[in-house]
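A.B. asks: Generate coordinates for the entire structure from the input sequences, incorporating the hints supplied.
From first to last, the protein sequence lines stand for chains A and B.
In case it helps, the numbering used here puts the first sequence at residues 1 to 115.
In case it helps, the numbering used here puts the second sequence at residues 1 to 111.
Certain hints may be false.
[To be verified] Ranges between beta-carbon positions, derived for each pair:
{"#": "1", "chain 1": "A", "residue 1": "Lys-14", "chain 2": "B", "residue 2": "Asn-18", "range": "45 to 51 Å"}
{"#": "2", "chain 1": "A", "residue 1": "Lys-14", "chain 2": "B", "residue 2": "Ser-27", "range": "36 to 42 Å"}
{"#": "3", "chain 1": "B", "residue 1": "Ser-108", "chain 2": "A", "residue 2": "Ser-87", "range": "22 to 28 Å"}
{"#": "4", "chain 1": "A", "residue 1": "Glu-103", "chain 2": "B", "residue 2": "Lys-57", "range": "15 to 21 Å"}
{"#": "5", "chain 1": "B", "residue 1": "Ser-26", "chain 2": "A", "residue 2": "Lys-14", "range": "23 to 29 Å"}
{"#": "6", "chain 1": "B", "residue 1": "Ser-7", "chain 2": "A", "residue 2": "Pro-70", "range": "38 to 44 Å"}
{"#": "7", "chain 1": "B", "residue 1": "Thr-20", "chain 2": "A", "residue 2": "Pro-70", "range": "22 to 28 Å"}
{"#": "8", "chain 1": "B", "residue 1": "Pro-81", "chain 2": "A", "residue 2": "Arg-9", "range": "22 to 28 Å"}
{"#": "9", "chain 1": "A", "residue 1": "Gly-40", "chain 2": "B", "residue 2": "Lys-57", "range": "27 to 33 Å"}
{"#": "10", "chain 1": "A", "residue 1": "Gln-17", "chain 2": "B", "residue 2": "Gly-82", "range": "37 to 43 Å"}
[Claimed, not checked] Facing chain A, a subset of chain B residues (Cβ under 10 Å, in silico):
{"#": "11", "residue": "Leu-4"}
{"#": "12", "residue": "Gln-9"}
{"#": "13", "residue": "Gln-37"}
{"#": "14", "residue": "Phe-101"}
{"#": "15", "residue": "Pro-103"}
{"#": "16", "residue": "Gly-104"}
It should be emphasised that the hints constitute simulated quantities derived from the structure, not laboratory data.
Source: prediction; values computed, not measured.
Virtual Cβ for every residue (Gly too), placed ideally from N, Cα, C.
Residue-level listing of the chains:
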Amino acid sequence: GAGVSQSPRYKVAKRGQDVALRCDPISGHVSLFWYQQALGQGPEFLTYFQNEAQLDKSGLPSDRFFAERPEGSVSTLKIQRTQQEDSAVYLCASSLEGRGRDEQFFGPGTRLTVL
Amino acid sequence: TQLLEQSPQFLSIQEGENLTVYCNSSSVFSSLQWYRQEPGEGPVLLVTVVTGGEVKKLKRLTFQFGDARKDSSLHITAAQPGDTGLYLCAGANNYGQNFVFGPGTRLSVLP
Numbered sequence: 001g002a003g004v005s006q007s008p009r010y011k012v013a014k015r016g017q018d019v020a021l022r023c024d025p026i027s028g029h030v031s032l033f034w035y036q037q038a039l040g041q042g043p044e045f046l047t048y049f050q051n052e053a054q055l056d057k058s059g060l061p062s063d064r065f066f067a068e069r070p071e072g073s074v075s076t077l078k079i080q081r082t083q084q085e086d087s088a089v090y091l092c093a094s095s096l097e098g099r100g101r102d103e104q105f106f107g108p109g110t111r112l113t114v115l
Numbered sequence: 001t002q003l004l005e006q007s008p009q010f011l012s013i014q015e016g017e018n019l020t021v022y023c024n025s026s027s028v029f030s031s032l033q034w035y036r037q038e039p040g041e042g043p044v045l046l047v048t049v050v051t052g053g054e055v056k057k058l059k060r061l062t063f064q065f066g067d068a069r070k071d072s073s074l075h076i077t078a079a080q081p082g083d084t085g086l087y088l089c090a091g092a093n094n095y096g097q098n099f100v101f102g103p104g105t106r107l108s109v110l111p
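C.D. replies: Laid out in structure tokens, this is it:
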């Protein structure tokens with residue numbers, strides 16, 4: 001289908017490893033969001049891109065988290081030196097223009113487990 | 001910091017019953033969205049409300065945005081097992097650059 005896809009769907013990492021999570025947004029969508037969802041909680045905002053520009057990274061929990069969208073389409077969320085508290089589902093969403101009333105289309109998420 | 005609270009946290013009802021879930025904040029939002037999320041999937045948008053006092057109906061679902069744009073409610077009539085899921089509200093500022101999600105209400109509709 002033409003929805004948002006994320007890979008891998010599941011990732012198990014040993015504490016201290018680096019991981020890279022990929023998001024393929026809907027073609028033509030200007031805005032891309034990353035969220036972290038802990039078990040039993042709602043998604044928490046991490047960062048926002050408009051095309052290739054990262055306009056808001058205020059939600060990134062530490063400098064171990066880094067996101068990029070170099071060509072304004074595919075995005076990668078990288079977590080360095082993973083810790084157990086990083087275990088969560090990482091959701092990616094895209095929207096056509098990114099205004100507050102635009103619908104966000106979410107991917108299925110990547111479930112990260114840090115041992 | 002804009003925070004959203006949702007109540008109840010959990011709700012288990014029988015098929016055919018009516019229910020209302022709430023989303024509250026001390027902050028004003030330019031728009032508010034309701035999503036439903038099923039296990040292993042991302043949230044799916046149900047509705048967006050933008051005007052204080054606005055009421056939107058989507059089949060058996062009725063959404064209301066408070067006059068002051070700080071709170072919202074979702075009412076489901078004659079709930080069905082297919083309504084089971086995590087219901088999330090999310091508020092946005094004017095530029096949509098930072099969406100704040102509530103913790104969700106987990107609804108279970110038993111046949």
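A.B. asks: I'd like to know which numbered hints this structure contradicts. Please list them from smallest to largest.
C.D. replies: 5 and 7
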